[in-house]
Amino acid sequence: QKEVEQDPGPLSVPEGAIVSLNCTYSNSAFQYFMWYRQYSRKGPELLMYTYSSGNKEDGRFTAQVDKSSKYISLFIRDSQPSDSATYLCAMSAYGNKLVFGAGTILRVKS
Amino acid sequence: NAGVMQNPRHLVRRRGQEARLRCSPMKGHSHVYWYRQLPEEGLKFMVYLQKENIIDESGMPKERFSAEFPKEGPSILRIQQVVRGDSAAYFCASSRSQAGEETQYFGPGTRLLVL
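Heads up: the sequence lines are chains D and H, in that order. Per the numbering used here, the first sequence starts with residue 19, numbered consecutively. Per the numbering used here, the second sequence starts with residue 445, numbered consecutively.
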């Protein structure tokens, strides 16, 4: 079993839809949770960073962490074609290496 | 306000040659991390370095791979005697302090192709 599970998709939605991306994890030592966006043949770009359970909002993006369920989510409101990319969840325990999910491919159709 | 810089962006090597990948962290960042992304797979941690020190190399293959972050100059990931299975995208990330307190920012990657 992988430490971090993420549905690879692809997830296809119409423009303006609310997108929900999720990851589950098995290591209860994870404390720091991140979402990165990666366009084709580019480096990962940090979107959201959260510590501990709860919600964090930044513009059209909301990150949720539920440590009791070992479940994290990223919501994208009013999705745009420019949001089409691969979304990677990442987490770390002791502040060094990040453990990534496999990434979910998102396609927003205009 | 330059981000993490990596060069070369693309590197082609024949089997048995050496590959050297360079990473310059963001200004003010003293922690460097290397990750590898194989085709159709997620990013996998390789090594974590601070200036002149390897902190965690638990993700590095035991043979042929080495990394350094000298007092002056960029961090180097070195792959000796490359094989086709080394073909991948190699990403460097940097943070101001230990990740978790400061998260990691990634460079554009070096795409290595071994013929």
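Treat the hints with care, since some could be wrong.
[As the list claims (entries may be wrong)] Part of the chain H face toward chain D, derived, beta carbon under 10 Å:
no., residue
1, G447
2, Y477
3, Y479
4, I499
5, G503
6, F509
7, Q525
8, F535
9, T547
10, Y549
11, F550
12, R555
[What the hints assert, rightly or not] To list a few chain H residues with every Cβ distance to chain D over 10 Å, as calculated:
no., residue
13, S510
14, E516
15, R540
[Claimed, not checked] Have a look at the derived ranges for each label pair, beta carbon to beta carbon:
no., chain 1, residue 1, chain 2, residue 2, range
16, H, E485, D, L29, 17 to 23 Å
17, H, K495, D, D25, 35 to 41 Å
18, D, G27, H, Q494, 34 to 40 Å
19, H, S474, D, K60, 22 to 28 Å
20, H, Q494, D, D96, 40 to 46 Å
21, H, R458, D, Y112, 37 to 43 Å
22, H, I499, D, G27, 30 to 36 Å
23, H, E507, D, N40, 23 to 29 Å
24, H, R458, D, R125, 24 to 30 Å
25, D, P99, H, R555, 21 to 27 Å
26, H, I520, D, D76, 32 to 38 Å
27, H, E507, D, P28, 42 to 48 Å
The hints are simulated quantities; they were obtained by calculation from the structure and are not laboratory data. Just so it is clear, CB atoms sit at the ideal spot from N, CA and C, and this is done for glycine as well.
Hints broken by the structure, by number, lowest first? Hint check: 6, 7, 23, 24, 27 fail, others pass.
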